[in-house]
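A.B. asks: Okay, here's what each chain looks like letter by letter:
There are 2 protein chains.
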Amino acid sequence: MVLEKIQSPADLKGLSAAELHQLTDEVRSVLLTKVSQHGGHNGPNLGVVEMTVALHYVFNSPTDKLIFDVSHQSYIHKMLTGRRQAFTDSQHYDDVSGYTNPKESEHDLFTVGHTSTSLSLASGVAKARDLKKDSYNVVALIGDGSLSGGLAYEGLNAIATAKRNTIVIVNDNEQSIAPNPKGGIYTALHSLRQSKGKTQDNFFKALGYDYYYLEEGNDLDSLIALFQEVKDSDHPVLLHIHTVKGKGFRPAEINREAFHAGGPFSLETGEYSSSAGSRASYSSITTDFIMDKIKQDPTVVALNAGTPMLLFNPEQRRTVGEQFVDVGIAEEQAATMATGLAQNGAKPIWAVYSTFLQRTYDQLSHDMALNNQAGTVLVYLASVYGMNDESHLGFFDIPFLAHIPNFVYLAPTNKEEHLAMLDWAIEQTDHPVAIRVPVGPLKESGEPDTTDYSHLNKNQVTQKGSQVALFGLGNFYSLAEEIAEKLAAEHGIAATLVNPKFITGLDKELLDSLETDHKLVVALEDGILEGGYGQMIASYLGSKNLKVQNYGIAKVYHDRYDTEELLAENGLTAVNIVQQILTALNI
Amino acid sequence: MVLEKIQSPADLKGLSAAELHQLTDEVRSVLLTKVSQHGGHNGPNLGVVEMTVALHYVFNSPTDKLIFDVSHQSYIHKMLTGRRQAFTDSQHYDDVSGYTNPKESEHDLFTVGHTSTSLSLASGVAKARDLKKDSYNVVALIGDGSLSGGLAYEGLNAIATAKRNTIVIVNDNEQSIAPNPKGGIYTALHSLRQSKGKTQDNFFKALGYDYYYLEEGNDLDSLIALFQEVKDSDHPVLLHIHTVKGKGFRPAEINREAFHAGGPFSLETGEYSSSAGSRASYSSITTDFIMDKIKQDPTVVALNAGTPMLLFNPEQRRTVGEQFVDVGIAEEQAATMATGLAQNGAKPIWAVYSTFLQRTYDQLSHDMALNNQAGTVLVYLASVYGMNDESHLGFFDIPFLAHIPNFVYLAPTNKEEHLAMLDWAIEQTDHPVAIRVPVGPLKESGEPDTTDYSHLNKNQVTQKGSQVALFGLGNFYSLAEEIAEKLAAEHGIAATLVNPKFITGLDKELLDSLETDHKLVVALEDGILEGGYGQMIASYLGSKNLKVQNYGIAKVYHDRYDTEELLAENGLTAVNIVQQILTALNI
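Residue numbers (our numbering), protein chains in the order written: chain A, 139 to 725; chain B, 139 to 725.
Since the hints were derived computationally from the structure, they do not count as laboratory data. Incorrect hints may appear among the rest.
Identical copies carry no separate label here, and so any pair may be met within one copy or between two of them.
[What the hints assert, rightly or not] With a Cα cut of at most 27 Å, we get these calculated BS3-like pairs of lysine-lysine:
1) K657 - K682
2) K271 - K320
3) K334 - K241
4) K336 - K320
5) K271 - K602
6) K151 - K682
7) K646 - K431
8) K433 - K301
9) K624 - K369
10) K334 - K624
11) K431 - K271
12) K301 - K320
13) K320 - K682
14) K336 - K385
15) K646 - K320
16) K682 - K581
17) K433 - K270
18) K682 - K602
19) K241 - K151
20) K369 - K320
21) K682 - K646
22) K301 - K431
23) K143 - K646
When you get a sec, could you build the whole thing from the sequences and use the hints?
C.D. replies: In structure tokens form, the structure reads like this:
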């Protein structure tokens, strides 16, 4: 096995052509074995097997700098840079993250998980090299899916402006996570592929690039020749390389969206081991509700930025037709387009993961909120129970979203509330509204929620007690319930239990009323503590005769954490909080 | 006077060619008279006099939708849409804002002050039109300076993708606020101008646009003919129109950067009435310090996104040469490039207005902070004393920046602290650091600041007292001093006075120690209250025997406010706070 001899990229240099080809076969096989057992990013890595081997054969990492966009396509790179065991030995599968990570290797320059950053990062790395009067290659690898992001364009401009060595590799596999939108940059890439790089209006040449096209982007020898040709260039070059997403695994080549990421799956049949099943979830009820709205009202339009499966599968996308827009990986466009849609009388609903919502602070504020346009933003996986890689955390949303004026941010705790809030958000025209889609198993109250949500900041007191009032926000309402039950059962304390529902403002009347027969207010939130919901309560009550305890997550990039451990470390267990309450009440 | 007859754009329709030409002369004259007396955006509006008259002659606003980017070039539009008096009558100069504003007129679709948003907004407006099966023109006007922003590119892609009527006007005056960077999109525009739109690699055609070039963009008849040609187009068109910034006022045509905005100035000599003078300010000492650093250390590099005058005048830019990078209006690029620079051993210093910093939340978090790279961010005008148009507010920074992990955000209160913090920030390699550049007259302590800022979150107790502790953050430290003086002089109370210096964390040791001989902690911050600094203190002290009062600004888009009035409305006067303290202390 050739791969066994590769401890670092230096070990590739002496390989024969035959050995290099054998190496590509081996790493593809290793990749498929691991991902089929463990899950991960399939298609993106299968498509860059040859490219990665060629890069490490031609360039000299870490002297030459390789910078990966999104970096979920760095598995082969990891295999070739001293981390082989994390792919060949199932006991070590979790030794590496799914993204580049400088803590793992000097060959990884950045921790990256969001798209469209590699070119701007490379522009800085190259500029630092030039200031230090060093000379080596700076190579940025970006996929066509990531090219739709505005930051990628800013980076393209910056590199073109700089005039020194930078090698931009556009890995064009004709696909984002889902199929790319038609038009704009995708028209430009399509024309270039169709013409084998010779189209009249070349987008990259227009920006000043020395442009190279390679049709056979999974051909190792061609890749090596191309990289050798541009290595040590004294000016920016752009290599447009056409690859096949999922290359070498037929099911992944055919069903490219399903095989973007996921698993485990069968190597023989290409079937995923555990299909999502038909059980209702917060996700499925949201989709069903929006589908109904779309059928009833031609002005309802669902928006998404490059992750359409969050809302609709391909079949559903065909059904909703023009009432769904996938803008590509361009979250800012989604937010500002929603503003324009609402201004002109449509009812936009933008579905977005919390971790990517943070790319649009200015669009949420200066566009949607300043103009007070009634768009609906569905915030997914804003929770410690969401994605747990440090590059994809979703629990910073309250500090950055909840303090934007005019925005109404809602935290439902069950199915009925969620759908009532969603209906209200879509139909009202007074405010931009965001909804923190609950995370976890679907809960049903069984009672229709008839709340009028236009009465802003009205909290629901679900249990009237005394001494201690528990504010359980959204996903943590159930924790508040558990604490209330413990206090009652174990200590005879009848706590007041509150479902705040509104994140963007306080129920001051309720808070004022607590002073008469309560000593303590406890606020629980499924997010970071600082700048969060509970701190508003603590501030408001700062002058009153009430003590306040806030519970949330410490402001840290927690990485691949165990959720229960993280919660315990942050004191977020019923047992601990009951104890803290007893202490505060001097019991 | 023709202008006198124009109550709305409908009144243009019956004008003869001669009258239209006379109108352009009149509005230019009116514009110059007002701006020379009152100040405002000179060059941008002078350049679009003919274009605006032609737009309103050919299109039918408000049925046809005109959407202005940045919208500081909307003065002529305002004159022609019922707001003439705000330009012709000096008593009414302040009746209108400097930007489009739906509260003023149905001809203004959006409140806009940040760049690069018009295309995305237009894509939404046009999509809503199509969903409603209406038909009219949607026209988006964007300057070449705004084209460098990633959102503009995302909007270009979206419009090209949509396939229905949208008319994009690129107003190319060969200049951003300052000269545009070379390369990238500016290479593309330059080639198009040089070839009169016929260059081989046409950036806009590559994206799929039906492209038109007009060389004489200040020629009224040509503009009318072009607009008539594309009106009611059934597909997206892009009009690349070459105009002269400052057209018709020689000093503004020559000195385009100085005449981007400002005034009053002399119409005869083109000289500004009040030159900035040579008095030292926080701005000038920052620039001097960075100039010195640059001379001493070739790895120090200053960054800016389209507002280079914030840091360096044109002469200074020539002096610092390659150690200054203006990335164009592309704040995200500045932040992520800084990350790359720091990773590769350079010392980046990014100067940015607070209102524009909010465009980079994800770059500050996912790029700079997650990678923990030691870039320095200088945050200008983060204060109620900064820009006071609702589209340019700078006092939302603490909620969105201070709660990002790893970041150190500092609030200096005088010259010596500011320079000591700046020096530390540049030379250390442990954290990304932002500094809230003080606003207001330069204050000097006269004592060198020898603080070791690597001791994070160590507050400075400047006066040790009892009963009440005053935390005066940054610009509001002087207010805390004033309160302390009043408490002492008028009520015999010796307050503890604290200069927190650190925004991103609390001095827990100090806070813990206050419980022994204090009853009240008061926190003052020059920013919005919610999600701010004081709320962290309130939360931390929520369980202790200390009351807390937080003072800051209410979470509202305050518009063209009087600063002292705004402060008074928010209780931020020494008299009020002293009274509140006395009440809390039961005195």
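A.B. asks: Hint by hint, which ones does the structure fall short of?
C.D. replies: Those not satisfied are hints 3, 5, 6, 7, 9, 10, 13, 15, 16 and 23.
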